Amino acid sequence: MGSRASSLLREEDIEEIKKETGFSHSQITRLYSRFHSLDKGENGALSREDFQRIPELAINPLGDRIINAFFPEGEDQANFRGFMRTLAHFRPVEDNEKNKDLTSGEPLNSRTNKLLFAFRLYDLDRDDKISRDELLQVLRMMVGVNISDEQLGSIADRTIQEADTNGDMCISFSEFIKVLEKVDVEQKMSIRFLH
Amino acid sequence: MESYLFPFDSLICMLLGISFTVWFTLLLHLYKPYRIIAKEPVSLEQEIQDMRRGGAEPEFDMSDIFYFCRRGVESIVDDEVTKRFTAEELESWNLLTRSNYNFHHISTRLTALWGVGVLIRYGFLLPLRVTLAFTGVGLLVVLTSIVGLFPNGRMKNYLSDKVHLMCYRICVRALTAIITYHDSENKPKNGGICVANHTSPIDVIILASDGCYAMVGQVHGGLMGVIQRAMVKACPHIWFERSEVKDRHLVAKRLSDHVADKSKLPILIFPEGTCINNTSVMMFKKGSFEIGCTVYPVAIKYDPRFGDAFWNSSKFGMVNYLLHMMSSWAIVCSVWYLPPMSRMEGEDAVQFANRVKAAIARKGGLADLLWDGGLKRGKVKEVFKEEQQKLYSKVLVGSTSFQSTNQD
Numbered sequence: 001m002g003s004r005a006s007s008l009l010r011e012e013d014i015e016e017i018k019k020e021t022g023f024s025h026s027q028i029t030r031l032y033s034r035f036h037s038l039d040k041g042e043n044g045a046l047s048r049e050d051f052q053r054i055p056e057l058a059i060n061p062l063g064d065r066i067i068n069a070f071f072p073e074g075e076d077q078a079n080f081r082g083f084m085r086t087l088a089h090f091r092p093v094e095d096n097e098k099n100k101d102l103t104s105g106e107p108l109n110s111r112t113n114k115l116l117f118a119f120r121l122y123d124l125d126r127d128d129k130i131s132r133d134e135l136l137q138v139l140r141m142m143v144g145v146n147i148s149d150e151q152l153g154s155i156a157d158r159t160i161q162e163a164d165t166n167g168d169m170c171i172s173f174s175e176f177i178k179v180l181e182k183v184d185v186e187q188k189m190s191i192r193f194l195h
Numbered sequence: 001m002e003s004y005l006f007p008f009d010s011l012i013c014m015l016l017g018i019s020f021t022v023w024f025t026l027l028l029h030l031y032k033p034y035r036i037i038a039k040e041p042v043s044l045e046q047e048i049q050d051m052r053r054g055g056a057e058p059e060f061d062m063s064d065i066f067y068f069c070r071r072g073v074e075s076i077v078d079d080e081v082t083k084r085f086t087a088e089e090l091e092s093w094n095l096l097t098r099s100n101y102n103f104h105h106i107s108t109r110l111t112a113l114w115g116v117g118v119l120i121r122y123g124f125l126l127p128l129r130v131t132l133a134f135t136g137v138g139l140l141v142v143l144t145s146i147v148g149l150f151p152n153g154r155m156k157n158y159l160s161d162k163v164h165l166m167c168y169r170i171c172v173r174a175l176t177a178i179i180t181y182h183d184s185e186n187k188p189k190n191g192g193i194c195v196a197n198h199t200s201p202i203d204v205i206i207l208a209s210d211g212c213y214a215m216v217g218q219v220h221g222g223l224m225g226v227i228q229r230a231m232v233k234a235c236p237h238i239w240f241e242r243s244e245v246k247d248r249h250l251v252a253k254r255l256s257d258h259v260a261d262k263s264k265l266p267i268l269i270f271p272e273g274t275c276i277n278n279t280s281v282m283m284f285k286k287g288s289f290e291i292g293c294t295v296y297p298v299a300i301k302y303d304p305r306f307g308d309a310f311w312n313s314s315k316f317g318m319v320n321y322l323l324h325m326m327s328s329w330a331i332v333c334s335v336w337y338l339p340p341m342s343r344m345e346g347e348d349a350v351q352f353a354n355r356v357k358a359a360i361a362r363k364g365g366l367a368d369l370l371w372d373g374g375l376k377r378g379k380v381k382e383v384f385k386e387e388q389q390k391l392y393s394k395v396l397v398g399s400t401s402f403q404s405t406n407q408d
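Residue numbers (UniProt numbering), protein chains in the order written: chain L, 1 to 195; chain Y, 1 to 408.
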């Protein structure tokens, strides 16, 4: 008579997710419960509609971009592994990270990876640079109809001017990192997961 | 036959109440915290100002996106709305399988306890309660039809009140509902409207067994229809045809005509419009607050340890739900009658509705939400997203171009 939701999640899976993301056992089972409750179709994967059913996300101006981050390139279904991998970006950075010696490189919640997540919200076509057009589109999502095209255009131009160091009128990831070097990314892009 | 069953049934209620309170304290090792994340309630403006790198106010900063990003992901992990439409997650298990969401197998002792529980509930309590339920409903139909034969007048009203109360009390026994009524001096009077938070159809039985109300609802077919037609013979209830429900003016007119007649009973309305899981009170529809009469708010809070009263209509039909109810340990709830409220000068219907809602939420210990219960089935309105966009735009250009319009 175990719990119905977590009986679909095997111990080996939990261990793998633990290694990959750094979440604790109880956090993983609780997040699986949440995943399960969002999955209205009960097919083990979330669709975009499942996310859009969350009212607080639906009214978020960047809601669609955030939802997109959960879906790998070209796919329409997000399974639990992918869900956890994306959420792992928002784990707080601890001083004594146990998985600093991950063979796969940096942990998912490192400063660089958090910045990469944010970068990808701007980079609509995933070509690793933010063009003026893309910046304009994201700005338009955030302000709605309240600011004129000209004003928005000048905001975009100014932003690119400040960030662009190699003169290609686009913002690359390294330029993005440089621009935000004084911002406390670790704190702003972290969610306090309880044990 | 009922008088033979009544004392027996009250005894069961008391025994259940005492024994299970003891058991639950013993079983406290089942405690499991259920919040996943800790959210900080910071406003958009504050957060973005904090993030600005200081200096000569750059209008836009690439880090502004972090606020929306984090709030978005927080709502994916834990949001305030979707969890109101499924049964409340309990901190400790109440030995009912249907409430068992996150608990792993703890011990064989617990399984044995649960097994004994099943035997008692389904083998003993359920048949007893089903018999009572049939008795209650049957009597309601028959007796109200008989009362309907009387000529209109004080005698008829008196009999109708007595009949309704008796039948509802039998139904309360059928559910083994242990109800504590508080502040009965504030009970609704004729010519007013009683509003309460809505968790399940049982709310009606709970309130109507302590006072007489005029019910409001849609005309149904089948058994419900039979009951409705019988009830309306004894005293005036307000049943709407499906088509009439859409016409708001018609609805408002019928309600105001009813309250204007002081000889008619107070109307019972659930302004949320749908069942919520008793952890929060959601948006009240303003219709009942526009009529301009005294409003008697009532808060109903169920104790989830004994049985989950919430009706998840997308998962269970009515019959299934009633079976669940009648096979729980008991329905334990508290009803608070709040002091009457009226619309104040300069207050519009929506503000009045929110004021009443806040009072009910406070008394019942429920979260007071602005979200619409209709989100159970429908999408959220675009206008809320537009509000967020407007807020952000103000932050973006507020200090320079929006000076004249930006004074709040």
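No lab work stands behind these hints: they were computed from the structure.
From a predicted model like this one, the values you see are computed outputs, not experimental measurements.
Honestly, I wouldn't trust all of these hints.
Stated by the list, open to error - To give a feel for the contact side, a few chain L residues facing chain Y, derived at Cβ under 10 Å:
| # | residue |
| --- | --- |
| 1 | Gln27 |
| 2 | Arg53 |
| 3 | Ala58 |
| 4 | Val93 |
| 5 | Lys114 |
| 6 | Val143 |
| 7 | Ile155 |
| 8 | Arg158 |
| 9 | Cys170 |
| 10 | Ile171 |
| 11 | Leu194 |
The C-beta atom is built at its ideal place from N, Cα and C for all residues, glycine as well.
Classify the hint on Cys170 (chain L) as holds or violated, based on whether any CB of chain Y lies nearer than 10 Å to its CB. violated (13 Å)
Hint Lys114 (chain L) vs chain Y: min CB-CB distance below 10 Å? At about 9 Å, which falls below the 10 Å cut-off, the nearest Cβ of chain Y leaves the hint on Lys114 (chain L) intact, so it holds.
Verify the interface restraint on Leu194 (chain L): the C-beta must sit less than 10 Å from at least one C-beta of chain Y. holds (6 Å)
Supplied contact hint for Gln27 (chain L), tested at 10 Å Cβ to chain Y: holds (8 Å)
At a threshold of 10 Å, is the proposed contact between Arg53 (chain L) and chain Y supported by beta-carbon distances? Interface hint status for Arg53 (chain L): holds (7 Å vs cutoff 10 Å).
Return the status of the interface hint for Val93 (chain L): holds when the least beta-carbon distance to chain Y is below 10 Å, violated otherwise. Because about 14 Å separates Val93 (chain L) from the closest Cβ in chain Y, which is outside the 10 Å limit, the hint is violated.
For the hint on Ile155 (chain L), just tell me whether its beta-carbon gets within less than 10 Å of chain Y. holds (5 Å)
Return the status of the interface hint for Ala58 (chain L): holds when the least beta-carbon distance to chain Y is below 10 Å, violated otherwise. holds (5 Å)
Restraint outcome when Val143 (chain L) is required to lie within 10 Å of chain Y by C-beta distance: It holds, given that the least Cβ distance between Val143 (chain L) and chain Y is near 4 Å, below 10 Å.
Regarding the hint that Arg158 (chain L) lies at the interface with chain Y, is the smallest CB-CB distance below 10 Å? holds (7 Å)
Go through the hint on Ile171 (chain L) and say holds or violated, using the shortest Cβ distance to chain Y against 10 Å. Because about 8 Å separates Ile171 (chain L) from the closest Cβ in chain Y, which is inside the 10 Å limit, the hint holds.
Hints 4 and 9, counting from the list given before, are not met by this structure.
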